[in-house]
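Asker: Each chain, written out:
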Amino acid sequence: MGLLGDLWGELVIVLVTLAGAIPYIIGYVLLILLMMFIWSGIKRLLTPKHDYASLKTVTFGDESAVTSNTVASVVSIILIFVLWGAFTGSKLLPSFMHAPAAFEGEGTFTYTITTPAGETDDATVTVIVHPASTNPAVPEVEPGEGIAKNDATTIASYRSELLRVDRNDEMGRDEETFITAVDGQPIAPGVGVPVSFGRVVMSDKGTLNIVPDTGIQMEAIWLPSPEAVWSRVTEIATVGYRNFTLAEHLGYSLFRVIVGFLLGALVGIPLGYAMGLSNWFRGWFDPIVEFMRPVPPLALIPLVIIWFGIGEVGKIILLFLAALWIMAIAARSGVSGVRISKIHAAYSLGASKWQIMRHVIIPNSLPEIFTGARVAMGVCWGTVVAAELVAAQKGGGMMISVAADFQQTDIVLMGIILIGIIGFTIDMMMRQAEKWLVPWKGKG
Amino acid sequence: MPGLIIDRLSMRFDLPNGSSVQALKDVSLNLEAGELLSVLGPSGCGKTTLLNIVAGFLAPTEGQIVLNNKKVSGPGPERGMVFQQGALFEWMSVRENVGFGPSMKKMPKAEKAQIVDHLLDVVGLQDFKDKAVYELSGGMQQRVALARCLANEPDVILMDEPLGALDALTREKMQGLVLKLWKETGKTIILITHSVEEALLLGERLIVMAPRPGRIHTEYRLPFAEMGVGQDLREVKKHPKFGEVREEILGMIWDMEEEIMGRTESA
Numbered sequence: 001m002g003l004l005g006d007l008w009g010e011l012v013i014v015l016v017t018l019a020g021a022i023p024y025i026i027g028y029v030l031l032i033l034l035m036m037f038i039w040s041g042i043k044r045l046l047t048p049k050h051d052y053a054s055l056k057t058v059t060f061g062d063e064s065a066v067t068s069n070t071v072a073s074v075v076s077i078i079l080i081f082v083l084w085g086a087f088t089g090s091k092l093l094p095s096f097m098h099a100p101a102a103f104e105g106e107g108t109f110t111y112t113i114t115t116p117a118g119e120t121d122d123a124t125v126t127v128i129v130h131p132a133s134t135n136p137a138v139p140e141v142e143p144g145e146g147i148a149k150n151d152a153t154t155i156a157s158y159r160s161e162l163l164r165v166d167r168n169d170e171m172g173r174d175e176e177t178f179i180t181a182v183d184g185q186p187i188a189p190g191v192g193v194p195v196s197f198g199r200v201v202m203s204d205k206g207t208l209n210i211v212p213d214t215g216i217q218m219e220a221i222w223l224p225s226p227e228a229v230w231s232r233v234t235e236i237a238t239v240g241y242r243n244f245t246l247a248e249h250l251g252y253s254l255f256r257v258i259v260g261f262l263l264g265a266l267v268g269i270p271l272g273y274a275m276g277l278s279n280w281f282r283g284w285f286d287p288i289v290e291f292m293r294p295v296p297p298l299a300l301i302p303l304v305i306i307w308f309g310i311g312e313v314g315k316i317i318l319l320f321l322a323a324l325w326i327m328a329i330a331a332r333s334g335v336s337g338v339r340i341s342k343i344h345a346a347y348s349l350g351a352s353k354w355q356i357m358r359h360v361i362i363p364n365s366l367p368e369i370f371t372g373a374r375v376a377m378g379v380c381w382g383t384v385v386a387a388e389l390v391a392a393q394k395g396g397g398m399m400i401s402v403a404a405d406f407q408q409t410d411i412v413l414m415g416i417i418l419i420g421i422i423g424f425t426i427d428m429m430m431r432q433a434e435k436w437l438v439p440w441k442g443k444g
Numbered sequence: 001m002p003g004l005i006i007d008r009l010s011m012r013f014d015l016p017n018g019s020s021v022q023a024l025k026d027v028s029l030n031l032e033a034g035e036l037l038s039v040l041g042p043s044g045c046g047k048t049t050l051l052n053i054v055a056g057f058l059a060p061t062e063g064q065i066v067l068n069n070k071k072v073s074g075p076g077p078e079r080g081m082v083f084q085q086g087a088l089f090e091w092m093s094v095r096e097n098v099g100f101g102p103s104m105k106k107m108p109k110a111e112k113a114q115i116v117d118h119l120l121d122v123v124g125l126q127d128f129k130d131k132a133v134y135e136l137s138g139g140m141q142q143r144v145a146l147a148r149c150l151a152n153e154p155d156v157i158l159m160d161e162p163l164g165a166l167d168a169l170t171r172e173k174m175q176g177l178v179l180k181l182w183k184e185t186g187k188t189i190i191l192i193t194h195s196v197e198e199a200l201l202l203g204e205r206l207i208v209m210a211p212r213p214g215r216i217h218t219e220y221r222l223p224f225a226e227m228g229v230g231q232d233l234r235e236v237k238k239h240p241k242f243g244e245v246r247e248e249i250l251g252m253i254w255d256m257e258e259e260i261m262g263r264t265e266s267a
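Respectively, the protein sequence lines represent chains A and B.
Residues 1 to 444 (our numbering) make up the first sequence, in order.
Residues 1 to 267 (our numbering) make up the second sequence, in order.
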């Protein structure tokens with residue numbers, strides 16, 4: 001029961017966190033829907049009313065009528081960058097598109113103290129809110145007249161400060177004199193009041209906690225602006241990171257993937273053919289392949305590190321294993337998928353076993369092998385990044401894992417984007433190669 | 001003239017549950033070179049099994065096949081096969097498909113090209129020779145299959161419902177083509193079909209098979225194939241004898257089907 005209670009607690013935390021995102025998600029969806037209405041309005045003006053598609057009366061449920069709208073895709077991509085820029089105060093966007101930023105500059109508020117005798121006096125607090133990267137001096141202020149004296153402080157933006165404004169006053173809490181109002185609004189322990197640049201909250205002990213407005217933009221250590229990420233790209237491409245340039249990091253990752261994949265294919269395809277063509281081979285390898293297939297390659301990382309260390313050998317063996325089973329299964333089903341009438345036809349045209357292998361079985365299995373190769377390349381790319389996250393001296397995964405340790409979010413973001421682009425490019429290239437090399441796929 | 005001898009062929013499959021199926025029993029038939037035989041029968045009568053044994057894909061449990069005084073023990077290029085569909089190699093162009101047999105024999109390129117060219121002319125696909133086979137219509141694909149089979153110069157051509165998947169019009173045209181090829185090449189042809197009309201039109205000889213166990217029920221020698229070579233097939237169908245034999249065979253197959261149905265219902 002204790003476990004169930006814990007799990008329930010965790011679930012509640014997850015749901016509460018997700019619920020916090022709901023307003024933003026709704027805003028995002030509304031923006032996209034707005035674009036959709038604008039676009040369909042424009043389109044109605046531009047296109048003739050009697051083309052084939054617009055004459056269809058049944059489109060809802062007609063699968064062929066649903067295609068990916070290029071405009072929606074473009075809007076989707078642009079909107080991601082616009083939102084990213086808006087919530088990071090990017091200089092690439094005009095400032096009216098920015099989400100409200102955190103307060104920076106000078107702000108003041110007044111507080112009022114009340115003595116046991118019932119006398120009151122006001123004093124002004126000057127607050128300089130500065131970017132975390134600068135460190136301005138605390139301004140000098142005149143103490144002023146009366147019991148309460150003026151104060152000044154500096155606060156880095158997104159931070160807050162507990163300030164004992166009554167410390168320099170003539171009568172403090174030791175004399176039973178307490179702060180009773182801020183900017184004329186009554187205040188008490190646990191109560192907060194708004195001031196011109198944020199909020200002031202009184203702690204339980206009667207100290208003022210000054211909280212400058214944080215806006216709804218993201219702080220750079222959580223989400224750096226697009227141009228900051230881009231300048232990191234150029235910096236790391238030229239200067240490098242952890243002794244290696246960007247090209248070297250990504251080049252090593254790609255090298256591991258390609259070598260691991262090629263080795264896996266080199267062994268896996270003949271293995272799959274043997275399994276497809278011989279009972280004995282099928283029986284021999286079925287238990288091994290069927291057991292290894294559901295084991296995620298990531299689960300092998302610790303064992304591979306124990307056995308082969310964190311160098312290239314271990315990585316390539318891991319990727320070899322990741323590709324091997326996928327390629328073996330693809331080749332096996334490619335062979336099993338050949339129609340018996342094709343084999344019969346080839347035999348009665350006088351082909352030998354070897355010729356049937358060369359001219360019928362292999363070409364017939366190529367579409368399946370290509371599908372397998374695409375899957376294997378995807379899995380290998382994912383696996384290499386994960387393996388580099390765990391332990392590596394160079395590589396795309398290592399770059400983001402080390403950067404995360406130092407809270408270099410811009411490098412982490414850059415790494416994720418580049419890893420995504422490379423993975424996408426690999427898949428596109430495999431698809432193109434497939435179109436080129438096996439044009440008969442799915443046409444049998 | 002030595003031809004194809006089907007000699008007391010029997011075929012029994014043992015099923016996993018211990019029982020066995022008698023697919024063929026004592027089927028005997030002599031075909032002379034150049035004869036055109038069509039085989040009809042209700043489903044389950046062993047037509048395809050018979051063809052597969054002749055092709056050498058199956059070994060009979062009893063009896064033998066002798067072609068040109070040689071016993072058949074496996075598939076071979078002297079017995080070409082045309083399947084219903086899907087037996088073309090879609091990774092090869094039309095020309096490569098037709099030239100498959102000669103390629104396997106390592107025939108010199110020029111000689112092969114000549115054969116392929118000639119056959120593409122015969123089946124009327126000269127303009128499509130560089131197309132991929134999946135770009136062709138069903139009828140064209142079957143013409144490629146015919147040409148591919150002929151390119152190998154087989155003594156016997158075995159056809160397993162080659163026109164079954166085609167629409168009626170294409171089918172009629174293809175029937176004319178089969179007759180023309182038969183006459184021009186003088187090949188021995190065995191053709192399996194579900195269509196009684198097709199069997200009559202294309203069968204110089206025709207056997208009707210009966211099921212359980214698969215056996216030859218009735219045999220005909222018919223004039224229609226010879227008639228069809230010279231004239232429109234629709235004219236042949238108007239021949240009074242054509243209708244007569246068609247009704248007779250339909251009745252025969254109807255009775256067999258009735259019997260099967262009755263048996264399954266009482267079982």
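Wrong hints could be hidden among the right ones.
No more than 27 Å apart at the CA atoms, straight line, and that leaves these computed lysine-lysine pairs for DSSO-like [stated by the list, open to error]:
| no. | chain 1 | residue 1 | chain 2 | residue 2 |
| --- | --- | --- | --- | --- |
| 1 | B | K70 | A | K353 |
| 2 | A | K435 | B | K131 |
| 3 | B | K112 | B | K183 |
| 4 | B | K180 | A | K353 |
| 5 | B | K187 | B | K109 |
| 6 | B | K112 | A | K353 |
| 7 | B | K70 | A | K443 |
| 8 | B | K187 | B | K70 |
| 9 | B | K106 | B | K70 |
| 10 | B | K71 | B | K109 |
| 11 | B | K183 | B | K70 |
| 12 | B | K106 | B | K129 |
| 13 | B | K187 | B | K105 |
| 14 | B | K183 | B | K237 |
| 15 | B | K106 | B | K173 |
| 16 | B | K131 | A | K443 |
| 17 | A | K443 | B | K129 |
| 18 | B | K131 | B | K105 |
| 19 | B | K238 | B | K183 |
| 20 | B | K70 | B | K173 |
| 21 | B | K173 | B | K129 |
| 22 | B | K129 | A | K435 |
| 23 | B | K129 | B | K112 |
| 24 | B | K112 | B | K25 |
| 25 | B | K129 | B | K183 |
| 26 | B | K129 | A | K441 |
| 27 | B | K106 | A | K353 |
| 28 | B | K241 | B | K173 |
| 29 | B | K109 | A | K353 |
| 30 | B | K180 | B | K129 |
| 31 | B | K180 | B | K241 |
| 32 | B | K105 | B | K129 |
| 33 | B | K105 | B | K70 |
| 34 | B | K71 | B | K106 |
| 35 | A | K353 | A | K441 |
| 36 | B | K241 | A | K353 |
| 37 | A | K149 | A | K205 |
| 38 | A | K441 | B | K131 |
| 39 | B | K180 | B | K131 |
To be clear, the hints were calculated from the coordinates, so they are not data collected in a lab.
Asker: Take the hints in turn and mark each one as holding or not.
Answerer: Against the structure, the hints come out as follows:
1. Only pairs whose Cα atoms come within 27 Å are accepted, and K70 of chain B paired with K353 of chain A is accepted, the gap being roughly 22 Å.
2. The suggested pairing of K435 of chain A with K131 of chain B holds, with an alpha-carbon distance near 16 Å, which does not exceed 27 Å.
3. The hinted pair formed by K112 of chain B and K183 of chain B meets the criterion: a straight-line CA distance of about 23 Å does not exceed 27 Å.
4. Our distance criterion of 27 Å between C-alpha atoms is broken by K180 of chain B and K353 of chain A, whose separation comes to about 34 Å.
5. With a C-alpha separation of about 25 Å, the suggested pair K187 of chain B and K109 of chain B falls inside the 27 Å cut-off, and the hint holds.
6. Between K112 of chain B and K353 of chain A the CA atoms are separated by roughly 22 Å; this keeps the pair inside 27 Å, and the hint holds.
7. Between K70 of chain B and K443 of chain A, the direct Cα distance comes to roughly 39 Å. Violation of the 27 Å bound is thereby established for this hinted pair.
8. With a C-alpha separation of about 18 Å, the suggested pair K187 of chain B and K70 of chain B falls inside the 27 Å cut-off, and the hint holds.
9. Between K106 of chain B and K70 of chain B, the direct Cα distance comes to roughly 24 Å. Compliance with the 27 Å bound is thereby established for this hinted pair.
10. Taking the CA atoms of K71 of chain B and K109 of chain B, the gap is near 32 Å; set against the 27 Å cutoff, the hint is violated.
11. Between K183 of chain B and K70 of chain B the CA atoms are separated by roughly 25 Å; this keeps the pair inside 27 Å, and the hint holds.
12. For the hint pairing K106 of chain B with K129 of chain B, the CA-to-CA distance comes to about 21 Å; that is within 27 Å, so the pair holds.
13. Taken as a hint, the K187 of chain B and K105 of chain B pair is honoured in the structure, with Cα atoms around 20 Å apart against an allowance of 27 Å.
14. Our distance criterion of 27 Å between C-alpha atoms is met by K183 of chain B and K237 of chain B, whose separation comes to about 19 Å.
15. Proximity of K106 of chain B to K173 of chain B is assessed by CA-CA distance (about 34 Å); at most 27 Å being required, the pair is judged violated.
16. A hinted pair counts as satisfied when its Cα atoms are at most 27 Å apart, and K131 of chain B with K443 of chain A qualifies at roughly 13 Å.
17. Between K443 of chain A and K129 of chain B the CA atoms are separated by roughly 18 Å; this keeps the pair inside 27 Å, and the hint holds.
18. Between the alpha carbons of K131 of chain B and K105 of chain B the distance comes to roughly 24 Å, so the proposed pair stays at or under 27 Å and holds.
19. Straight-line distance between C-alpha atoms of K238 of chain B and K183 of chain B comes to about 22 Å, which keeps the hinted pair within the 27 Å bound.
20. Distance restraint check for K70 of chain B and K173 of chain B: the Cα-Cα separation of roughly 36 Å exceeds the 27 Å cut-off, and the hinted pair is therefore not satisfied.
21. Distance hint between K173 of chain B and K129 of chain B is fulfilled; the C-alpha atoms sit about 20 Å from each other, no more than 27 Å.
22. For the hint linking K129 of chain B to K435 of chain A, the alpha-carbon distance of about 21 Å falls within 27 Å, and the restraint holds.
23. For the hint pairing K129 of chain B with K112 of chain B, the CA-to-CA distance comes to about 14 Å; that is within 27 Å, so the pair holds.
24. As the CA atoms of K112 of chain B and K25 of chain B are separated by approximately 42 Å, the hinted pair breaks the 27 Å bound.
25. Proximity of K129 of chain B to K183 of chain B is assessed by CA-CA distance (about 24 Å); at most 27 Å being required, the pair is judged to hold.
26. With a C-alpha separation of about 20 Å, the suggested pair K129 of chain B and K441 of chain A falls inside the 27 Å cut-off, and the hint holds.
27. Restraint check for K106 of chain B and K353 of chain A: satisfied, since their Cα atoms lie roughly 15 Å apart, inside the 27 Å limit.
28. Of the supplied pair hints, the one linking K241 of chain B and K173 of chain B holds, its CA atoms being roughly 22 Å apart against a limit of 27 Å.
29. Between K109 of chain B and K353 of chain A the alpha-carbon distance is near 22 Å, which keeps this suggested pair within the 27 Å criterion.
30. Our distance criterion of 27 Å between C-alpha atoms is met by K180 of chain B and K129 of chain B, whose separation comes to about 21 Å.
31. The straight-line distance between the Cα atoms of K180 of chain B and K241 of chain B is roughly 22 Å, inside the 27 Å bound, and the hint therefore holds.
32. Proposed proximity of K105 of chain B and K129 of chain B is supported: the alpha carbons are some 21 Å apart, at most 27 Å.
33. Straight-line distance between C-alpha atoms of K105 of chain B and K70 of chain B comes to about 21 Å, which keeps the hinted pair within the 27 Å bound.
34. Pair hint K71 of chain B plus K106 of chain B holds up; C-alpha atoms about 26 Å apart against a cutoff of 27 Å.
35. Note on K353 of chain A and K441 of chain A: the hinted pairing holds, with a Cα-Cα distance of about 24 Å set against a maximum of 27 Å.
36. The straight-line distance between the Cα atoms of K241 of chain B and K353 of chain A is roughly 49 Å, outside the 27 Å bound, and the hint therefore fails.
37. For a cut-off of 27 Å, the pair hint linking K149 of chain A to K205 of chain A stands: about 20 Å separates their Cα positions.
38. Pair hint K441 of chain A plus K131 of chain B holds up; C-alpha atoms about 15 Å apart against a cutoff of 27 Å.
39. Using a Cα cut-off of 27 Å, the hinted pair K180 of chain B and K131 of chain B holds, with the two alpha carbons roughly 25 Å apart.
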